[in-house]
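**Student:** With chain A held as given, fit chain B onto it using these hints.
Now for the letters of each chain:
Protein chains: 2
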Amino acid sequence: MTPLDLKGIYGDYLDCLNARRWRDLENYVRPDVEHNGQRIGLGGYREMLEEDVRSIPDLFFKATHLIAEPPFIAARLNFECHPVGTLFGLRVDGKLVRFQENVFYEFTGSLIHKVHSVIDKTGITGQI
Amino acid sequence: MTPLDLKGIYGDYLDCLNARRWRDLENYVRPDVEHNGQRIGLGGYREMLEEDVRSIPDLFFKATHLIAEPPFIAARLNFECHPVGTLFGLRVDGKLVRFQENVFYEFTGSLIHKVHSVIDKTGITGQI
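Those sequence lines, one after another, are chains A and B. Numbering of the first sequence is given in the numbering used here, commencing with residue 1 and proceeding in unit increments. Numbering of the second sequence is given in the numbering used here, commencing with residue 1 and proceeding in unit increments.
The reader is advised that the hints may include incorrect statements.
Claimed, not checked - In silico BS3-like links for lysine-lysine, alpha-carbon gap of 27 Å or less:
| # | chain 1 | residue 1 | chain 2 | residue 2 |
| --- | --- | --- | --- | --- |
| 1 | A | Lys62 | A | Lys121 |
| 2 | B | Lys121 | A | Lys114 |
| 3 | B | Lys7 | B | Lys62 |
| 4 | B | Lys62 | B | Lys95 |
| 5 | B | Lys121 | B | Lys95 |
| 6 | A | Lys121 | B | Lys114 |
| 7 | B | Lys121 | A | Lys121 |
| 8 | B | Lys95 | A | Lys62 |
| 9 | A | Lys62 | A | Lys114 |
| 10 | B | Lys7 | A | Lys114 |
| 11 | A | Lys62 | B | Lys121 |
| 12 | A | Lys7 | A | Lys114 |
| 13 | B | Lys95 | A | Lys95 |
| 14 | A | Lys114 | B | Lys62 |
| 15 | B | Lys95 | A | Lys121 |
| 16 | A | Lys62 | A | Lys95 |
| 17 | B | Lys7 | B | Lys114 |
| 18 | B | Lys62 | B | Lys121 |
| 19 | A | Lys95 | B | Lys121 |
| 20 | A | Lys95 | A | Lys121 |
| 21 | B | Lys95 | A | Lys7 |
| 22 | A | Lys7 | A | Lys62 |
| 23 | B | Lys114 | B | Lys62 |
| 24 | B | Lys114 | A | Lys62 |
FYI, nobody ran anything at the bench for these hints, they're computed from the structure.
Bound conformation, chain A alone (with noise of 0.2 Å):
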């Protein structure tokens, strides 16, 4: 697996969270993925990303920067977007808000097994 690779597998990734297609994911995360820690699973990682959507009807993923070095990538995800009702306790109620997470992949061949997330949540405050 090279760093091209690698970069390849995640675009076509992160197209399938744009599409929404959730009975794709499987072809990109592990069963027994961890997010943060937390073996969460395939269907616990479905399921945090459909909240994640019902919040941000118009949530899209798209990396300013992305970093390889098999089995690991490392993203900047850059989002602008309009949650409805609360995002990480704030009352946004529609505003357009921009925020930022950094996050590292942990791939065992070519699926997801292990993510590591930080997401400027302390950011919005002063937009909304």
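**Tutor:** Okay, now just chain B, sitting in the frame of chain A:
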């Protein structure tokens, strides 16, 4: 510059921070360094670090993940420390807290030019 070269330089940079050798920062950081999109410069960068250490005397930089694809490095830093007074607006008063930073560095030659950092500020809420 190979991934290994860049990791070597970055390891030396963390050693420099952990030894509080602020005068040596110029060996690792460009005079016009940017932090999260703001050109704070070497002076501002040093001030930021000195302020961090005033708030957290036992601040120690340790990477649990380190991914290099020149000219980029992505690091996941794990902090276990005892901040004095407040941290991220929360009253900590010397208690042990753990938090993470996921951070991207863009190098120009051997010097850090742009830093994109996200710190898990909300994660310590449940620890104090």
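**Student:** With reference to the structure, classify each hint as holding or not holding.
**Tutor:** Going down the list of hints, with the structure as the test:
The suggested pairing of A/Lys62 with A/Lys121 holds, with an alpha-carbon distance near 17 Å, which does not exceed 27 Å. About 21 Å separates the Cα atoms of B/Lys121 and A/Lys114, which keeps this hinted pair within 27 Å; it holds. A distance of roughly 13 Å separates the Cα atoms of B/Lys7 and B/Lys62; the hinted pair therefore holds under the 27 Å criterion. Between B/Lys62 and B/Lys95, the direct Cα distance comes to roughly 19 Å. Compliance with the 27 Å bound is thereby established for this hinted pair.
Restraint check for B/Lys121 and B/Lys95: satisfied, since their Cα atoms lie roughly 15 Å apart, inside the 27 Å limit. Proposed proximity of A/Lys121 and B/Lys114 is supported: the alpha carbons are some 21 Å apart, at most 27 Å. Of the pairs offered as hints, the one joining B/Lys121 and A/Lys121 holds, with about 8 Å between alpha carbons and a cut-off of 27 Å not exceeded. Our distance criterion of 27 Å between C-alpha atoms is broken by B/Lys95 and A/Lys62, whose separation comes to about 38 Å.
Note on A/Lys62 and A/Lys114: the hinted pairing holds, with a Cα-Cα distance of about 20 Å set against a maximum of 27 Å. Restraint check: the Cα-Cα separation between B/Lys7 and A/Lys114 comes to about 22 Å, which is no more than 27 Å; the hinted pair holds. At most 27 Å may separate the alpha-carbon atoms for a hinted pair to count; A/Lys62 and B/Lys121 meet this at roughly 23 Å. Taking the CA atoms of A/Lys7 and A/Lys114, the gap is about 16 Å. The hint holds against a cut of 27 Å.
For the suggested pair B/Lys95 and A/Lys95, the alpha carbons sit about 37 Å apart, so the restraint of at most 27 Å is broken. Restraint check: the Cα-Cα separation between A/Lys114 and B/Lys62 comes to about 19 Å, which is no more than 27 Å; the hinted pair holds. At most 27 Å may separate the alpha-carbon atoms for a hinted pair to count; B/Lys95 and A/Lys121 meet this at roughly 23 Å. This hinted pair checks out: A/Lys62 and A/Lys95 have alpha carbons roughly 19 Å apart, not beyond 27 Å.
Distance check on the hinted pair: B/Lys7 and B/Lys114 sit about 16 Å apart at the alpha-carbon level, within 27 Å; holds. For the given pair, B/Lys62 sits about 17 Å from B/Lys121 by alpha-carbon distance, which is consistent with the 27 Å threshold. For the suggested pair A/Lys95 and B/Lys121, the alpha carbons sit about 23 Å apart, so the restraint of at most 27 Å is met. Proximity of A/Lys95 to A/Lys121 is assessed by CA-CA distance (about 15 Å); at most 27 Å being required, the pair is judged to hold.
Between B/Lys95 and A/Lys7 the CA atoms are separated by roughly 41 Å; this puts the pair beyond 27 Å, and the hint is violated. Distance hint between A/Lys7 and A/Lys62 is fulfilled; the C-alpha atoms sit about 13 Å from each other, no more than 27 Å. At roughly 20 Å between alpha-carbon atoms, B/Lys114 and B/Lys62 fall within 27 Å of each other, so this suggested pair holds. Restraint check: the Cα-Cα separation between B/Lys114 and A/Lys62 comes to about 19 Å, which is no more than 27 Å; the hinted pair holds.
Against the hints set out earlier in the document, violations occur for numbers 8, 13, 21.
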